[in-house]
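Enquirer: Here is how the chains run, residue by residue.
2 protein chains.
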Amino acid sequence: MKPLNSLNFSGGPGALPESVLLQVQQAILEVPEVGLSVLGISHRSDWFAAVVQETEDNIRALLGLDASYHVLLLQGGATQQFSMVPMTLLRGQQAPAQYLQTGYWSGKVLPEARLQGDIEVLWSGQSCGFSRLPADDELAFSADAPYLHYVSNETVEGLQFNRVLGREDVPRVCDMSSDFLSRPCEAERFALIYAHAQKNIGPAGVTVVLVKDALLQDAPTDLPAFLDYKQQIKAHSNLNTPPVFSIYVTLLVTRWLLHEVGGLANMDQINRQKAALLYQALDDSEGFYRGRAAVPDRSLMNVAMTLPSVALEQAFLAESALAGFSGLAGHRAVGGIRASIYNALSLTAVQRLTEFMQDFRRQHLS
Amino acid sequence: MKPLNSLNFSGGPGALPESVLLQVQQAILEVPEVGLSVLGISHRSDWFAAVVQETEDNIRALLGLDASYHVLLLQGGATQQFSMVPMTLLRGQQAPAQYLQTGYWSGKVLPEARLQGDIEVLWSGQSCGFSRLPADDELAFSADAPYLHYVSNETVEGLQFNRVLGREDVPRVCDMSSDFLSRPCEAERFALIYAHAQKNIGPAGVTVVLVKDALLQDAPTDLPAFLDYKQQIKAHSNLNTPPVFSIYVTLLVTRWLLHEVGGLANMDQINRQKAALLYQALDDSEGFYRGRAAVPDRSLMNVAMTLPSVALEQAFLAESALAGFSGLAGHRAVGGIRASIYNALSLTAVQRLTEFMQDFRRQHLS
Numbered sequence: 001m002k003p004l005n006s007l008n009f010s011g012g013p014g015a016l017p018e019s020v021l022l023q024v025q026q027a028i029l030e031v032p033e034v035g036l037s038v039l040g041i042s043h044r045s046d047w048f049a050a051v052v053q054e055t056e057d058n059i060r061a062l063l064g065l066d067a068s069y070h071v072l073l074l075q076g077g078a079t080q081q082f083s084m085v086p087m088t089l090l091r092g093q094q095a096p097a098q099y100l101q102t103g104y105w106s107g108k109v110l111p112e113a114r115l116q117g118d119i120e121v122l123w124s125g126q127s128c129g130f131s132r133l134p135a136d137d138e139l140a141f142s143a144d145a146p147y148l149h150y151v152s153n154e155t156v157e158g159l160q161f162n163r164v165l166g167r168e169d170v171p172r173v174c175d176m177s178s179d180f181l182s183r184p185c186e187a188e189r190f191a192l193i194y195a196h197a198q199k200n201i202g203p204a205g206v207t208v209v210l211v212k213d214a215l216l217q218d219a220p221t222d223l224p225a226f227l228d229y230k231q232q233i234k235a236h237s238n239l240n241t242p243p244v245f246s247i248y249v250t251l252l253v254t255r256w257l258l259h260e261v262g263g264l265a266n267m268d269q270i271n272r273q274k275a276a277l278l279y280q281a282l283d284d285s286e287g288f289y290r291g292r293a294a295v296p297d298r299s300l301m302n303v304a305m306t307l308p309s310v311a312l313e314q315a316f317l318a319e320s321a322l323a324g325f326s327g328l329a330g331h332r333a334v335g336g337i338r339a340s341i342y343n344a345l346s347l348t349a350v351q352r353l354t355e356f357m358q359d360f361r362r363q364h365l366s
Numbered sequence: 001m002k003p004l005n006s007l008n009f010s011g012g013p014g015a016l017p018e019s020v021l022l023q024v025q026q027a028i029l030e031v032p033e034v035g036l037s038v039l040g041i042s043h044r045s046d047w048f049a050a051v052v053q054e055t056e057d058n059i060r061a062l063l064g065l066d067a068s069y070h071v072l073l074l075q076g077g078a079t080q081q082f083s084m085v086p087m088t089l090l091r092g093q094q095a096p097a098q099y100l101q102t103g104y105w106s107g108k109v110l111p112e113a114r115l116q117g118d119i120e121v122l123w124s125g126q127s128c129g130f131s132r133l134p135a136d137d138e139l140a141f142s143a144d145a146p147y148l149h150y151v152s153n154e155t156v157e158g159l160q161f162n163r164v165l166g167r168e169d170v171p172r173v174c175d176m177s178s179d180f181l182s183r184p185c186e187a188e189r190f191a192l193i194y195a196h197a198q199k200n201i202g203p204a205g206v207t208v209v210l211v212k213d214a215l216l217q218d219a220p221t222d223l224p225a226f227l228d229y230k231q232q233i234k235a236h237s238n239l240n241t242p243p244v245f246s247i248y249v250t251l252l253v254t255r256w257l258l259h260e261v262g263g264l265a266n267m268d269q270i271n272r273q274k275a276a277l278l279y280q281a282l283d284d285s286e287g288f289y290r291g292r293a294a295v296p297d298r299s300l301m302n303v304a305m306t307l308p309s310v311a312l313e314q315a316f317l318a319e320s321a322l323a324g325f326s327g328l329a330g331h332r333a334v335g336g337i338r339a340s341i342y343n344a345l346s347l348t349a350v351q352r353l354t355e356f357m358q359d360f361r362r363q364h365l366s
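Chains as they are written, first to last, in my numbering: chain L, 1 to 366; chain X, 1 to 366.
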């Protein structure tokens, strides 16, 4: 059996909603309101200005953000933000910025930040194999830090914060690449949020940045234009040719979230049901499927697990592929099995996976 | 009448070949050899590694380049290269790099380069309103310059070089964004060529960089990873999630160039026919359609012109839109009319435009 989009549990780029894919398919030949292929429309057209504006408005509406936040649609992925954040906020500062190392991705941020200035790793999960997140009493937030940086959801280990960290008087910067727009997130408590699109909100190639205007008051003025938040803001994300296609698809996903799903509270409820089903399957498996993450820190987006042996894991991947599932291999850094259940993955798909897991376990226990 | 893809003379993002659009349309729901939507396939899959490899191979084959050149597929557009080039080649150098200012785009490069080091503007067309390109005897190339930078085709003014500039002993860096893969270009005489995709070779969101291995010997080692050519080379353009979709479409365009068009010599011949038809229409119009560019420097990609009055230009745009043409407005920096005739624009489309131009002139002269 061929892999099915509806059973694509990829860690990213992730599956997109079918209703969005159908609209995109039409737009490849002709965007209805324009008459041209989406791939051949000028980024200086009125149509594209309206696309950017509606995408911004939809993101603001979904998160309940006011005009004190700018919404940017940039290139370069979260990786570009690993550098843009400290280039903007760390250079010339006295005190170090505080960073949390809670897994693979927050670890990737650290060397890039260190190239730009002094940072302090406030807490690291390295000694516990990134199996859990820190408790509040393990975190000594400094009042002097120019900002606090953390990653809200670690895709590789399947860890997710269920609370907002840090002090109200120190700017919070958060990499929400893998759970942005999957649930309400108290966005107004953050100074800067960034998220690449390719998990929950669109194709690879565009990154959403929300930034509070006041945060940029003392930003350096000698940065390359494309790395300068202020110049990007002034240009309405159209400083140079933006990734028109990826932004258009992101617009369609935000419309889907607003008008089909009915907002982030509804999306959260569906995502919780999906995660609950899968974790129940783990917990009912008598140790056959072992979650990587400590129970209180389990991610609603990425269910990372191991099986009793590598041979069983390989059999699981082979048999699930034959059944039409895809994307279930764990991240190359850790191996094992991972089911990524981003917004577009349906409850039905998760039900089918849990049934497959039960069958597989039954067959391989006997 | 609605605008037609086949009559889309946009300055960029430009039209793509119809046979490519049909394949892309299918891939939105299902890439045939994978079974999944191209928007939901992992960038770490074997399939995507093969996409990158074949795109590189096709570009090498089209240009006759050997393995001493790396082919990179990056984000950030030509604008990112405006900075990456001097970050890599200019920092710490004694002598200034030499830059040519031949139009709007080569002018945009200068402030970004100056942020990174000392540059000399070897020649500027500003005093002649960028109506022509320099002759050889106007250019004093320095043997000490770390590199020479120029733009092969200026889209706004419609100027294009018909020769390779500079000395053999000084690395040539060329922004070929608007004529890359439109003709043979003696690529082996350049040390670094960059080109965003959205004119001739794909959708906005990906930029091709060809760089000679030897050029990077003394490159700095303290650049952010995504701005470091060496790290991008080591990661095979997969340092962080690349723009999978834009790269896939670029692959399809390179296949079209190789297997349908039959290579760059053929493409060049078609492009010359298209340009000849249009310039003939200008030259036969008794000054009604006036080209911006001096005759010897006329671009094969962008035919920029003015009409006797702004009112006539507006009438031209309105009437051509009613006839199904689009993208004919000149760049916002200069106004007027511009027909961009990139690879995917057919000879038939250009014939229809010249017929329209003749009709329009006849009607508005009487």
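Just so you know, the hints here were simulated from the structure itself, not pulled from any lab data. Treat the numbers as computed from the prediction; the structure is a model and nothing was measured. Among these hints, one or two may not hold up.
Copies of the same chain look alike in the list, so a pair counts if it fits in one copy or across any two.
To be verified - Subject to a maximum C-alpha distance of 25 angstroms in a straight line, what follows is the list of computed SDA-like cross-link-like pairs (lysine to any residue):
(1) Lys212 / Pro96
(2) Lys108 / Phe48
(3) Lys234 / Leu72
(4) Lys2 / Glu112
(5) Lys108 / Gln25
(6) Lys2 / Val31
(7) Lys234 / Leu110
Enquirer: If a hint holds in the structure, say so; if it does not, say that too.
Expert: Going down the list of hints, with the structure as the test:
Proximity of Lys212 to Pro96 under the C-alpha cut-off of 25 angstroms is restricted to the intra-copy arrangement: shortest distance 21 angstroms within a copy versus 39 angstroms between copies. In the homo-oligomer, the alpha carbons of Lys108 and Phe48 lie at most 25 angstroms apart only across protomers (23 angstroms), although the nearest pairing inside one protomer, at 34 angstroms, exceeds that limit. With identical chains, the CA atoms of Lys234 and Leu72 are at most 25 angstroms apart within one copy only, with a shortest distance of 10 angstroms there and 30 angstroms across copies. In the homo-oligomer, the alpha carbons of Lys2 and Glu112 never lie at most 25 angstroms apart, since the shortest distance is 40 angstroms inside one protomer and 49 angstroms across protomers.
For a Cα distance limit of 25 angstroms, the shortest separation of Lys108 from Gln25 qualifies neither inside one copy, at 35 angstroms, nor across copies, at 35 angstroms. Taking CA atoms no more than 25 angstroms apart as the test, Lys2 paired with Val31 passes between copies only; the shortest distance there is 11 angstroms, against 30 angstroms inside one copy. In the homo-oligomer, the alpha carbons of Lys234 and Leu110 lie at most 25 angstroms apart only across protomers (20 angstroms), although the nearest pairing inside one protomer, at 29 angstroms, exceeds that limit.
When held up to the earlier numbered hints, the structure conflicts with 4, 5 and fits the remainder.
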